[in-house]
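Q: Based on these hints, arrange chains B and C on the given structure of chain A.
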Amino acid sequence: MKYYDKLVFELSQKGRIGYSLPVNRFPSAPELPVELSREASLDLPEVSEVDVVRHYTNLSQMNFGVDTGFYPLGSCTMKYNPKVNEEVAALPGFTGLHPLMHAGLTKGALKVYQDMNKFLAAITGMDSFTFDPCAGAHGELTGLMIMRQYHMNRGDLARTKVIVPDSAHGTNPASAAVCGLEIVEVKSLENGRVDVEALKPLLDETIAGMMMTNPNTLGLFETQIREITELVHAAGGLMYYDGANMNPMMGVVRPGDMGFDIMHLNLHKTFSTPHGGGGPGSGPVGVAAHLVDCLPEIRVSGFHGNFGVILRAYAYILMLGRQNLKKVGQYSVLSANYIKECLKDAYKLPIEGVCKHEFVFDGLINDGAHDDVHGATTLDVAKRLLDFGFHAPTIYFPLLFHQALMIEPTETESKETIDAFIDVMHKIAAEAAEDPRILQEAPHGTPIKRPDETAAARNPILKFKDAR
Amino acid sequence: MAGFSYIPHTDADIRAMLDRIGVGKVEDLYADVPKEFLKKGPYALPDAMSEGEVRQWLGSLADMNPRMKVFVGAGAYDHYTPSVIPYITSRSEFLTAYTPYQCEISQGTLRYIFEYQSMVCELTGMDISNASLYDGPTAAAEAMKMTVACTKKKTRVLLSKGLLPNVIAVVETYAKFHGVEIGYVPVMNGQTCPNCLRAELAKGDVAGVIVPEINRFGIIEDHAGFADAIHEAKALLVEYCDPSTLAVIKSPAEWGADISVGDGQSLGVPLCYGGPYVGFMGVKKDYMRKMPGRIVGQTTDKDGKRAFVLTLQAREQHIKREKATSNICSNESLMALWVTVYLSLMGPEGLREVNRLSYDGAHYLKDELLKTGQFEDPFPGKPFLKEFVLKPAKHPGLVQNALEKAGFFAALETEEGYVSFCVTEKRTKEEIDALVKTVKEG
Amino acid sequence: MSKIIEGLKYSESHEWVKVEDGLAVIGVTDFAQKEMGDITYVDMPDVDDEVSAGEEFGALESVKAASDLISPVSGKVVEVNEALDDTPELVNEDAFENWIIKVEMSDASELDALMDAAAYKEHIGE
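Protein chains in written order, with our numbering: chain A, 1 to 468; chain B, 1001 to 1442; chain C, 2001 to 2126.
Looking at chain A on its own, in the form it has when it is part of the complex (with noise of 0.2 Å):
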């Protein structure tokens, strides 16, 4: 990757047009009142045509994505994103329909959102979704009024709790304190797994119910998940599954089976829709039978949810069908395992044991500290996997680790792949124990360095004429 430095307000010049409009053939109309027109300068770029696809495409060189490498970023299920779905979406046909056309003329549009909503019902056992949310954390945020709205309608007000393990996604939390519940923690025992006797204490009839995800944050399943369903629903509340780490799922094991109530899923995850650096995403929902009587009454986006990004999983799913579903969640826990079981020579395992798509290091076995040097730390190491070209793993969570780095490789990379990653991981390791500073220093290759973030935090620099 070069270093590129433009801005394209830094190629504008006054006069030059990069846009092409018909000519205006209709009567001129009256001009708008000066009182309700725009007196403010307006300093858009002035560029070319080819100006902007030059930027652009530089730009895009600085930039790493799956179709680049290997992206075993935790949490995030970077698998390949299949080309037929970009083309797919881009029918005509499909990006042309008004959201607010009725139904005789998106007949097609409707096929598809029928059609998911079956599928996605079998593949998770919930009874029926809602496509309305744009994100993961927007999925949680409306199943969980649909968990309040539930509660409500059976006039019991007081439950404004919601258990979280203390392993969860932040995003956990947030949205519960959206929704406007009180959050109530859950420790984990020291194998990872929710403590089922912390829990019992907290049930009573002040909790709407429990956010789980199994496999959890560490990549283990949650062995007790049956208990723990049960004691939730016995006290009156209701289970909530964290989608984010449904891959490992797909094809062997559904949520609606392990009584989970309500759940969302991440196209942008488990079903192979491009993230496009931050999304667009999508969150559908799914609710068990008795809680469809409260989706209709959650209105959460505009109009039905990202149609472009559901249009993509729709043609994954076809792809996959009931031949390929379990190889997806198969194969990601056996290549999760694989680079574990050939890794915890150099790093930390802090659980041992089978885990599911994705497991966490807690740091290096050895950091190379020895006398006034500083050992490697996890940071480090993900510094350093930048310049063998393969993006860094999540690191620093799950919270329950100081130097959590936490792999997940998917279903998509062969081994060869995988093979080179951990080779790379193990010369990583070996620069460590030999001089730490070679891991500190790093990136040494990319277009820059590490970053000044302290500055741009005390003094925000956030548009083009900040900087100037």
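Treat the hints as calculated values from the structure; they're not laboratory data.
Be aware that one or more of the hints could be misleading.
[What the hints assert, rightly or not] If the Cβ cut is set under 10 Å, some of the chain A residues that face chain C in the computed set are:
| hint | residue |
| --- | --- |
| 1 | Ala-103 |
| 2 | Tyr-396 |
| 3 | Ala-455 |
| 4 | Arg-458 |
| 5 | Asn-459 |
For every residue, glycine included, the Cβ atom is placed at its ideal position computed from N, Cα and C.
A: Quick look at chains B and C alone, frame taken from chain A:
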């Protein structure tokens, strides 16, 4: 059974990996799952399709949706998309990247978000923009929560009844669960009523007021005096706007807004049955720390090179957890790129020209429709840009049906029994003349 | 070794209190600023806000963390250290010199529940 091209594992690979792990078969990796939870029997899914079959099937579904000439807006606008945009946004370095956590290999994403933020600030006149939100209505809901967070201990937010129905519905949903009471300011004579606003403010406890720059009747509202009245009540003014129109109408900052929100869809994003779109938010500097969503800032790397990073992250869910301003995480980054490329191509002149074409076309259509004698103007003399409503002599549904048969999606019925029309620069004079002819003959 | 000043009162959550002209002057300890690393923002209450002992009144932020500030005493905020708005790094430079808020106490006996320097030294294990 045929292989599956997205999974590269050969039988030999699988064997070698299982051996290294020390288990006999792939199923053993699920030995910790209680048996009763392992799915028995096949999933109720169709047979796997080949790529060609998928392409053909989706093509046939797309063909089931008739291609219409769109004369409706109401929050989703059929503006022109320059060819360059999908070409750039489909570059896989942008498309297949995650949120830019590793900034050293994400300068592409971080730079375009910085450009996007700069452009949102330029259009709205606000000091700070975030990296995008889901869509316009959810951006309004985030603004609602933000006004409550910025004005201590207040729990009421006022909504203009001139806002689009879907904006009101989404804000109401968020408010209900967040514990915020919603009050309403009615529309009188085609505009959010200033006296009613003052009366509602006088009741006290108002954290914020959300009003539309252009309301659901297409009328450009006059908000003179709104900011003063609202600030006097120690509340915040939120302007909901269509960013495309801000090239020509007063910006939120010029109306004295504290927060501006809306949907970037009008900036060349395809209709696509309602999404993905891109919510935006611009705020005054004072409220920077309460703003939801990711923010990109400029700094330098250790060699002194200009560099861009995610910043002010201590506001966000992964650090603040339940104390975060918002739960938002994924946003609509690629659509922010879409909008950034659009605005780069259009520049100030192109965007003004888009508005001029839409403005002249909409006025022409309205005049021609009124000439047919089949409509009345419910708001004569009120200024509008690309959208307007008329009161039909016939039942509104009949007008819409007749136009639909002729290939026009137009004359959408409002709750008052008006029909609404929208004209963008994509609508030609021939199309408009043909629409009017259909009305005359219907 | 973190700096600890004799004669001040300390809370378990690493705030210090100094009584000056009848007002409680409150800041964070040197230990706390070291734990946080480079402080990028100090979230402070407004003058006239009420604070309560044991409740949060603001937060310290670094690039990757946020830590609540817990009030050691109850009362009304009479002054906030505005210099920290633009230069939060002052807390890193000298956490005892750069106080955060001054509070008019509603119950001075709350001070008795706080630690002295020796007890705080033990609390942080130094």
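Q: Does each hint hold? Answer for all of them.
A: Checked hints:
1. Ala-103: violated (48 Å)
2. Tyr-396: It holds, given that the least Cβ distance between A/Tyr-396 and chain C is near 7 Å, below 10 Å.
3. Ala-455: holds (9 Å)
4. Arg-458: Since chain C brings a Cβ to about 5 Å from A/Arg-458, closer than 10 Å, the hint holds.
5. Asn-459: holds (9 Å)
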